[in-house]
Amino acid sequence: MTTPLLKVRDLNVRIPTPGGLLHAVRGVNFDLMPGEVLGLVGESGSGKSVTLRSLIRLHRPPIGMTGTVEYGGQNLLNASESKLRDVRGGQISMIFQEPMSALNPVLTVGEQIRENLLEHKGLRGKAAQDRATELLDLTGIPSPKARLSDYPHQFSGGMRQRAMIAIALASDPQLLLADEPTTALDVTIQDQILRLLLRLREELHMSVILVTHDLGVVAQTCDRVAVMYGGRLVETAGVNDLFHAPKHAYTLGLMRSLPGAGEHRQPLQPIPGGPPDLRSLPPGCPFAPRCEYVTDECRGTEPPLLEVAPERFSACVHYTELPALKSTLEEVNA
Amino acid sequence: MHASYVIRRLLQIIPTFLAVMLVVFLLVRLLPGDPASAILGDRATAEIVERTNRELGLDKPLPVQFGVFVRNFLQGDLGDSISLKIPVIRLIGERLPTTLFLTVYAAVLGVLMAVPLAVLAAVRRNTWVDALIRAVFQVGLSLPVFYVALQLLSLLGARLGWFPIGGYGEGFGGHLYHLFLPALTLGLNLAAILVRTLRNSIIEVLTAEYVDFARAKGLRSRVIMTRHVLRNALIATVTLLGLNIGALIGGAVITETVFAIPGVGRLMVDAIFGRDYPVIQGLTLTFAIIVSLVFLITDLIHARLDPRAELT
Amino acid sequence: MTTMHSPALEAPARPRRRWPKPTLLIGLALLLVLIFAALFPRVLAPFSPTDFDYEALLKGPSAKHPFGTDNFGRDVLSRVIYGTRVDMQIAIFTTLFPFIFGTLLGALTGYLGRWSDAIVGRIADLVVVFPFLVLVIAIVAVLGPGLTNMYIAVSAVGWVSYWRLTRGEVMNQKKAEYAQAGKVLGYSPSRILLRHLLPNAVTPAIVYLMTDMSLGILLGASLGYLGLGAQPPTPEWGVMVADGKNFMATAWWISTFPGLALTLAGVTFSLIGDGLADALRPRA
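Chains as they are written, first to last, in the numbering used here: chain A, 1 to 334; chain B, 1001 to 1312; chain C, 2001 to 2284.
I should point out that these hints are in silico values taken from the structure, not numbers from a laboratory. You may find that some hints are simply not true.
Cβ-to-Cβ under 10 Å is the rule here; a few derived chain C residues that face chain B [stated by the list, open to error]:
1. W2115
2. I2119
3. R2122
4. A2221
5. S2255
Stretches of chain B that chain A covers, calculated by requiring three or more beta carbons in the stretch to come under 8 Å of a beta carbon on chain A [said to hold, decoys possible]:
6. 1201-1214
7. 1225-1232
8. 1301-1309
Idealized CB from N, CA, C, for every residue including glycine.
With the sequences and hints as input, model every part of the structure.
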């Protein structure tokens, strides 16, 4: 078996807020294999984006991070600043949800690619210019050479996201962290960007961690899925297994809230209630107040994430009682 | 920056100038009674008043008078000072450089104080350092310019004798030395106006997602600070500075009076007490033209620094 | 699936903490002191503000005269206390008319839009080209020195900020659902404007009113100092600073205490302005 590219162990993130300490990520563990596309799924406020940002220690004080993020034999959470800088952008790149706010409005797209090439590849002048053109071309931006001297606001939404991907790819990263990269885009553009990410993954042999709240995106792109709820991973599984037979009541709820297709079309069933307040969690399973399978057992202590089947982990007391779903991946994709 | 933008912006200033001239022209017509007797004072005989009215063209209809006013202005004629009996344009020409020196000097001092402190407050936001800087400048904002001027003059000028207590001095070095206290007074006032807004816009830049993206790219903090943060903060500074040119000029009027500096600000106050209406008129016009030119320059610099500016 | 955003999680680097609340309370407490001094100066002041005492000329601070006496032997403390009334009056009258006029005009042009808005906008652009103090003293020069003419001058210039704030707010509110609902219900435009839009749109103008009061006091005192505002022997703080300017070396207290009073009044209004802005700002 190959060794994981990234090993996350007992990751905790605490955010001080006026209303108390917000324990946004609570003991998250997972491995990422080389070349794998892992989906990190959950509602807003589940801690998925916070988790993603912790992987390259992007949070700033007073936000606190503990645990280990092992990459290349090193814990990134306590690596030196210079080592971290080499990893950031050099080996692990990140793209954001809103390209308009993530791209600096007063620098041309070319400048923003070139500063990456200089930092990590030592490229400057003509060589940097050529490589930047290549990168824009690679991400499917027409007449790339001319567009290098354009500013972000001169690009359309989809083109901006492509430009951001080009910047992220400048240093040939091994891992791309993508924080809801398609949420801000139209459906058709979304599709193009996802296809682009998959193509680049193949061509450049990258791993990808994709944070999204959209199960459709997961079905289209991911190999494996980790579902987050209340700052914890509640289920991890291969994408097919997850969609056929969820092993956590929350995942099941998510599936049911998806619009089905074809003969299995059924009324949407949104999950009642809202996400838990991470400043004051009740004991037991954080999903219990919204769960239709809830029993007293759920309210006692918080169920740990256990291996319930080969390569499948769940933190649900009642995983055996959950029904399999008739819907298939193809239908979700349709 | 496109040439068309510059030209369009330059053309926009023409109607502004015309409107400014109209306001200034009408201002003196607000005088109770007829202008000539106001100019000449109570002791003038009816005959002299009538002659003056004729000489100044005040017997003609207002639109005609305004036409003459604009024509004279274009020929560089703003009338003659009543008390000093010399052309207003010459008077302003002699005194304006002093005021410009003072305001630029003050702007430099103000920016040198405001920018580092605003950056410090922004970086250490919500700590005691930030609270202290903000509290000091909040008080500073409430300190009247004439009061600060008077206290600095009496303490650093008269009592300690470190700086001259008035005048303009000889040569560039002399100007710098003589105008230090007045420029410091004005600079402090400007810094008080700038610090708070600047701090907020720097915080906005520091917490902007593009800064996080720059960090995620593995750039050095120095590169992030200079290329990503300061450049955006500079845009805010230039804009704020331009917006506050009016306050700076108003401050100069007061400061020049307190420090007895022979600039146009003091000239304005003297003219008011001397009821020297042509001078008041000419100065008000000059100040308004300076402000609109500064607005223009600010816009152009802004367009140069911020590629988005031309869209609006 | 919900697309609701949790700001605390999505933008964790942006702290939600605000300037501590006590500032508003301190500001209000100071304001009460100022109002009391303005209404009942007799109760607080040990002497008359205008009586000369040739036995006590230019005396430094003492138990009898805590702020000393001036060159006419007048008690500086008493003059500072009586000055509160004049300067509070300045704070009110330099802002009240611009506030009323600017706010109503802003509501009107913001609601009507089109040409009325364009015309007022042009005038506003024109007014801001003149340095505030320069235009005010030019108008005062024409009308003659004194407080009333100063109020007229300030009103002619000061409405612009209120107009801008209210106009922008009304334009936003106009799009809001309740205004549209009012239209559907067939309310008259004046009722929609005065009963529904204006009360909601006036908040920024009220917040600015406080800041503007501190600016108004500074302006009034500056004009007083220059001899264009309140006239001696009125106990106005700016006039008093000017009274003492020739005695800075020998009797610093004559100018220093009125200046401190001015600063205190300015701080009071800006603290309240900040506090109000904080309290009234819509929560995200």
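Consistency of the hints with the structure:
This hint is violated: W2115 (chain C) has a C-beta 17 Å from the nearest C-beta of chain B, more than the 10 Å allowed. The interface hint given for I2119 (chain C) is violated, since its Cβ lies 12 Å from the closest Cβ of chain B, which is over the 10 Å cut-off. Hint status for R2122 (chain C): holds, given a least beta-carbon distance of 8 Å to chain B, under 10 Å. Satisfaction of the interface hint for A2221 (chain C) is found here, the shortest Cβ-Cβ separation to chain B being roughly 5 Å, below the 10 Å cut-off.
Taking 10 Å as the C-beta cut-off, the interface hint given for S2255 (chain C) holds, the closest approach to chain B being about 6 Å. As drawn, the segment 1201-1214 of chain B meets chain A at 6 residues by the rule of a beta-carbon pair under 8 Å; at three or more, the given contact holds. Coverage of a stretch by a chain is defined here by at least three residues with a beta carbon nearer than 8 Å to that chain's beta carbons; for the segment 1225-1232 of chain B and chain A the count is 4, and the condition holds. Only when three residues or more bring their CB closer than 8 Å to a CB of chain A does the claim for the segment 1301-1309 of chain B stand; here the count is 4, and the claim holds.
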